[in-house]
Each structure stands twice: as C-alpha cells, then as structure tokens.
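Given two chains presented individually in distinct reference frames, assemble the corresponding complex, making use of the accompanying hints.
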Amino acid sequence: MGSKSLNRRELLKSSAALAGGLTLGAAAPAIGAQQSPDSHHAPPSSPMIKGDKDGMIAYGERSNYVKSVRIPHGGRPSPDTFGLTFHVATPLQDSVGVITPSSLHYFATTRGSFLPDIDPSKHTFMIHGLVDRPLTFTMDDLKRFPSVTRLHFIECAGNRSSPRAKTVQESHGMTSCAEWTGVLLSTLLKEAGLKGTAKWFVAEGGEEVKGASSMPIAKAMDDCLLAYGMNGEPVRPQNGFPLRLMVPGFEGIFHTKWLQRIKVVDRYYMNYNDFGHLDDEPKTAALGYQIGPKSVITFPSGAQQLPGKGFYEISGLAWSGGGAIKLVEVSTDGGKKWNKAEFKGTPQRMAFTRFGYQWNWDGSETEILSRCTDELGQAQPTRAQLAKYWNKPYDQTFSVPGLDNSVQPWHIASDGRVTNGFA
Amino acid sequence: MGSHRMLPFAFVMLMGTSALAQGPAFGIGRTPSPEELKARDISIGPTGEELPPGKGTAKEGAQLYRTKGCAACHGATGLEGTAPNLKSKDPKNPDVWARGRILPLRAPFATTVWDYINRGMPLNREGTLTVDEVYSLTAFLLFINDVIPEDQALDQQSLPQVKMPIGDNYASLPDWKPRTKRLPGYPF
Numbered sequence: 001m002g003s004k005s006l007n008r009r010e011l012l013k014s015s016a017a018l019a020g021g022l023t024l025g026a027a028a029p030a031i032g033a034q035q036s037p038d039s040h041h042a043p044p045s046s047p048m049i050k051g052d053k054d055g056m057i058a059y060g061e062r063s064n065y066v067k068s069v070r071i072p073h074g075g076r077p078s079p080d081t082f083g084l085t086f087h088v089a090t091p092l093q094d095s096v097g098v099i100t101p102s103s104l105h106y107f108a109t110t111r112g113s114f115l116p117d118i119d120p121s122k123h124t125f126m127i128h129g130l131v132d133r134p135l136t137f138t139m140d141d142l143k144r145f146p147s148v149t150r151l152h153f154i155e156c157a158g159n160r161s162s163p164r165a166k167t168v169q170e171s172h173g174m175t176s177c178a179e180w181t182g183v184l185l186s187t188l189l190k191e192a193g194l195k196g197t198a199k200w201f202v203a204e205g206g207e208e209v210k211g212a213s214s215m216p217i218a219k220a221m222d223d224c225l226l227a228y229g230m231n232g233e234p235v236r237p238q239n240g241f242p243l244r245l246m247v248p249g250f251e252g253i254f255h256t257k258w259l260q261r262i263k264v265v266d267r268y269y270m271n272y273n274d275f276g277h278l279d280d281e282p283k284t285a286a287l288g289y290q291i292g293p294k295s296v297i298t299f300p301s302g303a304q305q306l307p308g309k310g311f312y313e314i315s316g317l318a319w320s321g322g323g324a325i326k327l328v329e330v331s332t333d334g335g336k337k338w339n340k341a342e343f344k345g346t347p348q349r350m351a352f353t354r355f356g357y358q359w360n361w362d363g364s365e366t367e368i369l370s371r372c373t374d375e376l377g378q379a380q381p382t383r384a385q386l387a388k389y390w391n392k393p394y395d396q397t398f399s400v401p402g403l404d405n406s407v408q409p410w411h412i413a414s415d416g417r418v419t420n421g422f423a
Numbered sequence: 424m425g426s427h428r429m430l431p432f433a434f435v436m437l438m439g440t441s442a443l444a445q446g447p448a449f450g451i452g453r454t455p456s457p458e459e460l461k462a463r464d465i466s467i468g469p470t471g472e473e474l475p476p477g478k479g480t481a482k483e484g485a486q487l488y489r490t491k492g493c494a495a496c497h498g499a500t501g502l503e504g505t506a507p508n509l510k511s512k513d514p515k516n517p518d519v520w521a522r523g524r525i526l527p528l529r530a531p532f533a534t535t536v537w538d539y540i541n542r543g544m545p546l547n548r549e550g551t552l553t554v555d556e557v558y559s560l561t562a563f564l565l566f567i568n569d570v571i572p573e574d575q576a577l578d579q580q581s582l583p584q585v586k587m588p589i590g591d592n593y594a595s596l597p598d599w600k601p602r603t604k605r606l607p608g609y610p611f
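Those sequence lines, one after another, are chains A and B. Mind the numbering: the first sequence is residues 1 to 423 in my numbering, read in order. Mind the numbering: the second sequence is residues 424 to 611 in my numbering, read in order.
Keep in mind the hints are simulated off the structure, nothing from the lab. Each hint should be verified, as a subset may be incorrect.
As the list claims (entries may be wrong) - Output of the computed footprint for chain B on chain A, the stretches with three or more beta carbons under 8 Å from beta carbons of chain B:
no.: 1; segment: 128 to 134
no.: 2; segment: 173 to 184
no.: 3; segment: 383 to 390
What the hints assert, rightly or not - Derived pair list, reagent style BS3-like, types lysine-lysine, alpha-carbon separation capped at 25 Å:
no.: 4; chain 1: A; residue 1: 340; chain 2: B; residue 2: 604
no.: 5; chain 1: A; residue 1: 195; chain 2: B; residue 2: 461
no.: 6; chain 1: B; residue 1: 515; chain 2: B; residue 2: 482
The C-beta atom is built at its ideal place from N, Cα and C for all residues, glycine as well.
In isolation and in its complexed conformation, chain B is listed as follows (with noise of 0.2 Å):
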C-alpha cells in the first residue's frame, strides 16, 4: 500500500499544474472523432461558431417558404397561419417588445433563428433542409421584418454580425448559486 501515497505526487508531476485541478479520476468514455463531435455540435451560440459553411438569400429564402411548406402553417405572408407568426403586426411600435413575440425580430441574436429554423423546422420533418436553405430562410424572415436589406446574402460571417433590433433589451438570468432564494428580496 505505501507506494500508492506516492502516486498522486507522481501523477502531478507528470501531469503538470492542470491535473492537479482537474485529473480523470475514473478513465472511462472515449474521445470523440472530430467528425462525430462536428456532426453532432448543433448548438449555435451568439458568435456563431459552430455555424457550418454556406450562404443564402432573402430572395431564395421567399421561394423555399412556399416550396418548403412554410406558408401553409404560418401563412402566406407570415401573419394568416395557426403557427406562430413570423411578421410582426405593429412593426412601427418603437417599443420592439410590443410588436409581438416574433422569432425573427425579438431574438437577441441572429444565430438563434438560424439555431430555431436548423433544429426545429419544418414541423415533423426536422434536419430535412440544407445548410444553404436555411441561411436562406434565416435572410427571408429577417429581411420581412426590416432587419436585413434584400440583397443582404447571409454566411458563416455575416449572420453572427446582424444586428437585431431587441439589442440588449432584454433581462439576463441571475448568476444563480445553490442553496439561495430564487430572487433575491422575494418572499415566495
């Protein structure tokens, strides 16, 4: 048994300062292939890096809302559907939070309707568009809702830097901690 004290010295030395924080204490799982690990990072964050090569256009994006079905669940020009709606019915209202909740127009970031389209639409037939249509489709909602010019082709860089009309307008969550109330000062 004594030699086993001297293991964890031993492992630090080998390991650097890092292991000293931080070491496998179990050794089990594998190391992700890069290809699984790019296939599977779906997830788009605010920068955008996780965002795959491609591009696309409001202008395409129009045809693939008709071809693709889009219409017939949030209506011809985004507002007559039983799907949420996609254009917002008080688009002047200098207040962005009351033209209503439009994906295209109060998300904080672009990505996150790139995110919304490329995981979650069309309805029952999700991961059936390509990385091009739904750039497309991104520059389509956001061009109907004053974001974007039509001609604005969005990519991999350009889709991170459009700047959504909410800005930072919106409440960010506490840095929550264990064992606290759920809002400081409030009793219930």
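The following block holds chain A by itself, in its conformation from the complex (with noise of 0.2 Å):
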C-alpha cells in the first residue's frame, strides 16, 4: 500500500473502498464519508489508503497501524523446519468484544501436523457403526440439512498460566471464540438411526495421524456440530477446513479438525488421544473432559502500561463448559473486595462473554482479578482454594488437575507496569 495526496473527487472514490477494506474498528480515519465535492471543511490531514485490488476490493486487509498477532506457544516454534505447526496463541490483549477473527483463531496440533489441503468438493464425511444405516455425505448435502449458527469457545487443556508467562496471550492465549455454522451431529445420527447399543462414538480426522477421540453419545447427541462455517466464511484450514466437529464445552483436542469419519461404537475405544487422556484417578480424568468456569482480565493485562491514575474500564472474558456464565467479579485489591461486573451483551452457552468494570485507579500499586461462576453454580478458583480441595501445599509445585481455570491475578505497579501476578 501507498499513500499520496488526493483531490476531493478521488477522494470521494476512495472511502467506498476504505470503508470495505477496513474492519476491527481499527484507527481509520474518518474521511471523506460525509463531504460534499464544495463543502468548506478542512481537507483531511492522513494521507490516504491506495492498496491493490486484491487487498482493498477482494478480500479486505485490516489497517497497516494493526498490529496484532498470533504467536507459537509454549516456546516451540511453529511452523518448524520440516513445515509442521504445533500450537499457536490468540493475542487476548487486543481482542474486543467475543468473536476472535478467524485469522486470529488460536489453533492447536496433537503433536505438530501438516495443513491438510483439502478439496471440498472431494472431501466426504461418514457415519457408520452401530447404526441402521451407514451414510456418507459430501459437503453439497451436508449443506442441506437444517443449520444451525452458534458461538462458542474452544480451549486448548495446556491453556494454562505459568510466571513465565508475560502476557495474556501468553498465559491464556490458546482460547478463541468463534460463530460456528453447520448441522447438529444429532440430526445425522437420527438420518443413519442409532442402535440402543451405541454408548461412544469416535471421531477421525483427516491430518496425518488422524488423531481419533472417544466421546459418550450422549454429548453427541446433545449439542455437537459438524461446523462448515466460522465467522461468515467456511472454516479456515488450521481450524479444519472443510468440516469440523464442535464439542461445546469439551477440551479442545476433542473438536476433531478436518473430519472424515464417526463410528458409533459401544465402549470407550481406547485409540490415539484417548490414551493420552489415560489417568490412574477418576476425579482426574473426569475433570480432562468438560471444561470448568474460567475468566481472565484482557486489559490492564501482563506487559502493558497504564499511563497514570484515573479511569479505566477493566475489560475480560469468561467463558465455562459447563454452560453460561452467571457472574462476573472483579476485584481491584488483591482479592479483598469483589465487585459485580458489567456483561458486555447477553452470555452464551459455551461461548465468550465480554465483562467490564469501572475502575478508577488511585494510582497506588495493587492487584486485579476476575472470577465467575456459571449456570450449573461452578465458580472459578483461585490456584490457593484449589490446593486447599485437593489437599496439597499450595506453592510452585502445585499443578491444577483438569484444565486450570484458576483465577489469574494481574499486578499493577505504582508507575503503571501491568505484570504477571503469579511471577
């Protein structure tokens, strides 16, 4: 892109283009929108957007001042030398509102995976088993079917803070939200009719190893999707182009990418992730399904700067697999006091809410957290009353069973510094 100045009638041409090619509100000028070729008002003082046709027409970019980017995470790169990607993290700290852009969606592979290139006009999806009629559907028929459209969250169960941790998206960042559009797995089990034995089904996907998962029927049956859609366009390929299984409220591995195949089965099948989901105690193990109450505090997060005392609106998400979520509060000492938080929009099931909460900073150092509770009572700990449960000290050797949901705490200095309260 380049810039030069303009005359009002180029001007004029112009903001049709800039006002498709930018989104994220991002810091557009407001030009030329509301003026007239013979208003007096002062020409703009930002020089114009000229990009390519591609990027202005096409396919819209966001604003070269947007700088917002994923990061691999946990301090594997990605991709690596040979071309594989393993996990990659959301920036937190710059999202608003609860949709996560599909370029910014967090994505996750068992063990580092290549990205299918799949032709969606080859790729079939299959329901076999035990079932009174096997079925296989193209992507056209799957189509067909009555759709469902509906937010919802996925998390990574290494979503978990360390003090190595120096930001949000370092802490939390393997988390998105997302509006998945498909059909209810329900609708295709009914279309292929379930046997009374079918107890389990596995999923397989279409990557290299086809990492297969077991999940009861039950939860099939319930409310997952077989999502072709994600943010108004068809899923992007590191999220599992052409077809995914959504598992809302499950831990992300089971939201099998790429999907080509459930067997519906009658035990609990034993294959590639379920072995790593293998445990010698129940409470354990149950706790690595469904994900518990979880809420973090996106701005004033680790690493950024407050630039002195006065207003601000402490922002968040929470989000629970358990449902959605109830209350928010936000405590700006330390834990002491907490407040109720502000929903920014009505709580979905299984999906990100956007909290808020008025603050006005003295300018004296403290500490800021949030916590929530969801529409089963699950309310989200701190990593103190979690060893207290578990009955473990609560030092740097504790580890939170099941995905952590723990409260994370942010510090704040007195000169502004926002860091890692865990450090």
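What follows is the structure, given as structure tokens:
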C-alpha cells in the first residue's frame, strides 16, 4: 500500500473502498464519507490508503497500523523447519467483544501437523458403526440439512498460566471464540438411526495421524455440531476446513478438525487421543473432559502500561464448558473485595462473555483479578482454593488437575506497569 | 393436505417399529460401499474386530525397529531417544503407573498399541507400514516390556487376547450427561 495526496473527487471514490477494506474498529481516519465536493471543511490530514485490488476490494485487509498477531505457544517454533505447526496462541490482550477473528483464532495440533489442503468437492464424511444405515455425505449434502449458527469457544487443555507468562496471550491465548455454522451431529445420527447399544463415538480427522477421540453418545445427541462455517465464511484450514466437529465445552482436542469419519461404538475405544487422557485417578480423568468456569482480565493485563491514575474500564472474558456465564466479579485490591462486573451483551452457552468494570485507579500498587460463576453454579477458583481442595501445599509445585481454570492475578505497580501476579 | 396426515402412519406400517423411533427424515447421503467402509474403518477397539488379517513376531519387529527408523527417535533400546520412551526405566516396580508413561506398558489394551503405531508411526511417514509390519512392531514393543514372550506371534485373534500389565487399574470416564457439573461434588 502506498499513499499520496488526492483531490476531493478521488477521495470520494476511495472512501467506499476504505469502508469495505477496514474492519476491527481500527484507527481509520473518518474521511470523506459525509463531505460533498463543494463543502468548506478542511481537507483531512491523514494520507490515503491506496491498496491493490486484492487487499482493498477482493478480500479486505486491516489497517497497517493494526499489528496484533498470533504467536507460537509454549516455546515451540511454529511452523518448525519441516513445516509442521504446533500450538499458536491468540492475542487476547488486543481483543474486543467476544468474536476472535478467524485469522487470529488459536490453533493446536496433537503433536505437530502439516496442514491438510482438502478440496471440499472431494471431501466426504462417513457415519457408521452401531447405526441402522451407514451414510456418506459430501459437503453439498451436509449443507442441505437444517443448519444452526452458534457462538462457541474452544480451549486447549494446555492453556495454563505460569510465572513465565508475560502477557495474557502467553498465559491464556490458547482459547478463542467464533461463530460456527453447520449441522447438528444429532440430526445426522438420527438420519443414520442409532442402535440401542450405541454408547460412544469415535471421531477421526484427515491429518496424517488421524487423531481419534472417544466421546459419549449423550454429548453427540446434545449439542455437537459439524461446522462448515466460521465467522461468516468457510472454516479456515488451520481450524479444520472444510469440516470440523464442535464439541461445545469439551477440551479442544475433541473438536476434531478435517472431520472425515464418526464411528458409533459400544465402548470407550482407547485410541490415539484417548491414550493421552488415560489417568489412574478418576477425579482427574473426569476433569479432562468438560471445561470449568474460567475468566481473565484482558485489559489491563501483563506487559501493558497504564499512563497514570484515573479512570479505566477493566475489560475481560469469561467462559465455561458447563453453559452460560451467570456472574463475573472483579477485585481491584488483590482479592479482598469483589465487585459485580457488567456483561457486554447476553451470555451464550459455551461462549465467551465480555465483561467490564469501571475503575478509578488511585495510582497505588495493587493487584486486579476476575472470577466467574456459570449457570450450573460452578465457580472459578483461585489456585490457593484448589490446593486446599486437593489437599496439596500451595506452592510452585502445585499443578491444577484438569484444564487450569484458576483465577489470574495481574499486578499493577505504582508506575502503571502491569505484570503477571504469579511471577 | 389431508393425505399428508396419513403419511406417518403409513410409513410406520411399512417400516415396522424401528422406523417409529428413527426413520431417515431427510433422505440425504448415500450408503457407503463395503470397500469404502473397510478402507476407512481403521479405529481398532478393544475387541479387535477391526483388525485386518496379518501377523508378526517380536523378532521381525526388532529388525523393523532399526530399518524403519524407530530407533533414530526412540533410541536403540527404546530408552535413549528424543521421542517418548518405549521401555520402562523401572520395569520391576509393582505399581504399573510408577513404571512410566510407556505406551506398550500402560495401554489397557494391546489393540491401543497396534492402533497407535498404525495411525501414527513413523512420524511424517504415517501409513507406510504394512499390516504385518504393524503386528511385528507391536509384538516387539510388548516383548521388550515383558508383556509377551519373544516367540509369540500376534494376529487378529491373539492380539486382543494379550493381557496388559495395567489390567483394569485405570480410571474410567464418568457417565456424561448434559447440563451437569464436570465432576459431581466439585465446586469449581
């Protein structure tokens, strides 16, 4: 993209392209839109965006001034020298609202994967096993069924804050929320006809390892979704194009990408991904399934800098695998007093809920935290509460069983510097 | 419109009682061919019913372990590699869980080992092993962990019969139900 000064007529023409090309509420100069050629307003002082056809018209680009990007997670380069991708975290610190843009949606692969490049016209999805009628569907077939559109978060089981995490992207970035469109798995299972002995199903993707997971048939019949749409367009390849299984509220690994097969079975199959969940402790095993209530403050958060005392709206995200968020509380004094936060929009089941809390910072050192409660009454714990429950000492050796849903403290120094409260 | 009201009734009469519960509502999708079903049916469950015909022994597996590059990542004896260990450093520990996170030792079923190798190995060359090679490598890994004797051949029938050291000493998953807490009695 280049820039040069334009006369009024050119400016009017380019304003239409600007409106289409800029999204995300970027710092776009509001130019031209209301000006008529003979107005007496002063000309705008910003340079004009003159992009190429692809970026300005065909598929819009964000502003050059918006630099928010994903990062490889957990110290593993992604892609590595072989082109395998591992874990990539979303920049939660820059997020607004509850939708993660598809380009910034986190993704993870079981053990590193090449990205399948699937021709959707050749892709098929098969249901078989304990059904009356095994069925194979093309993508066109699937789009003929009644569809649903739902907001859902996905979260990786490895989304665990640690003292090493400097930013909320490093501590919490392995979760995202998008609008998913597709057909309910229950619709397809009814079409195939479940046999009475059906208890579990195994879902398999199209990557090299075809990571397979066993899941309860009750979940399949409740709210699992075969998504072909994501945020108003086809699911992105990194998120499973052309078809991804959504298992709302379950750990990320169950949301099988590049979905090509579901086998209905009578028992837990103990396949590839299942072995990763194998545990000797029934409580820990149970916690590796449905995700608990979790929230985090995204502003102010780690590595950010408050310019000085005064008014700030504390902003953050809350979600739960148990349903909709019922309550979010924020503390600005290190957890002594908890204040009810405001919801920005109506909380949806198994989806991000944006919350805000109006705060006048007096400029003194403090710690800010958020905690949430979901519709089942499950409450987000502090790590100290968890250690007490599990009867373990609360120190650096304590590891939260199951997916870590503990309260994240952010420390604010008197100079406005924000750092990880666990550090 | 009047005749439409009779349709569900007529349908039930034709299809019998199972159609009453679950008839195809949309008629979309095709029946997969037996070949298609067989080619895709690669998830091996504990009964082994999906296992393909073939066989292999630990001796053959020991050779394949070197020639197929397993040793390069998992180490010459399954202990010295950068990839996960395939042999316990503490094989005599009476607590199987304390022997380490070793697939051919901790897996509750030998079918899990076969399935894992078949779908997941060798890294970035998945799908290149023949059925007999997967049986042989499974036998080799079970042998070096003292699960089966060196001369025991594994095939469709014998593999699911292998008794794994962990027995049923592992946590089964809860009976999940919609709109219930992740763990009964757990407040978080």
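Verification of the supplied hints:
1. 128 to 134: holds (count 4)
2. 173 to 184: Coverage by chain B is violated here, the residue count being 0 at a Cβ distance below 8 Å.
3. 383 to 390: holds (count 3)
4. A:340 <-> B:604: Roughly 23 Å between the alpha carbons, so the hint for residue 340 (chain A) and residue 604 (chain B) holds.
5. A:195 <-> B:461: 20 Å, holds
6. B:515 <-> B:482: 23 Å, holds
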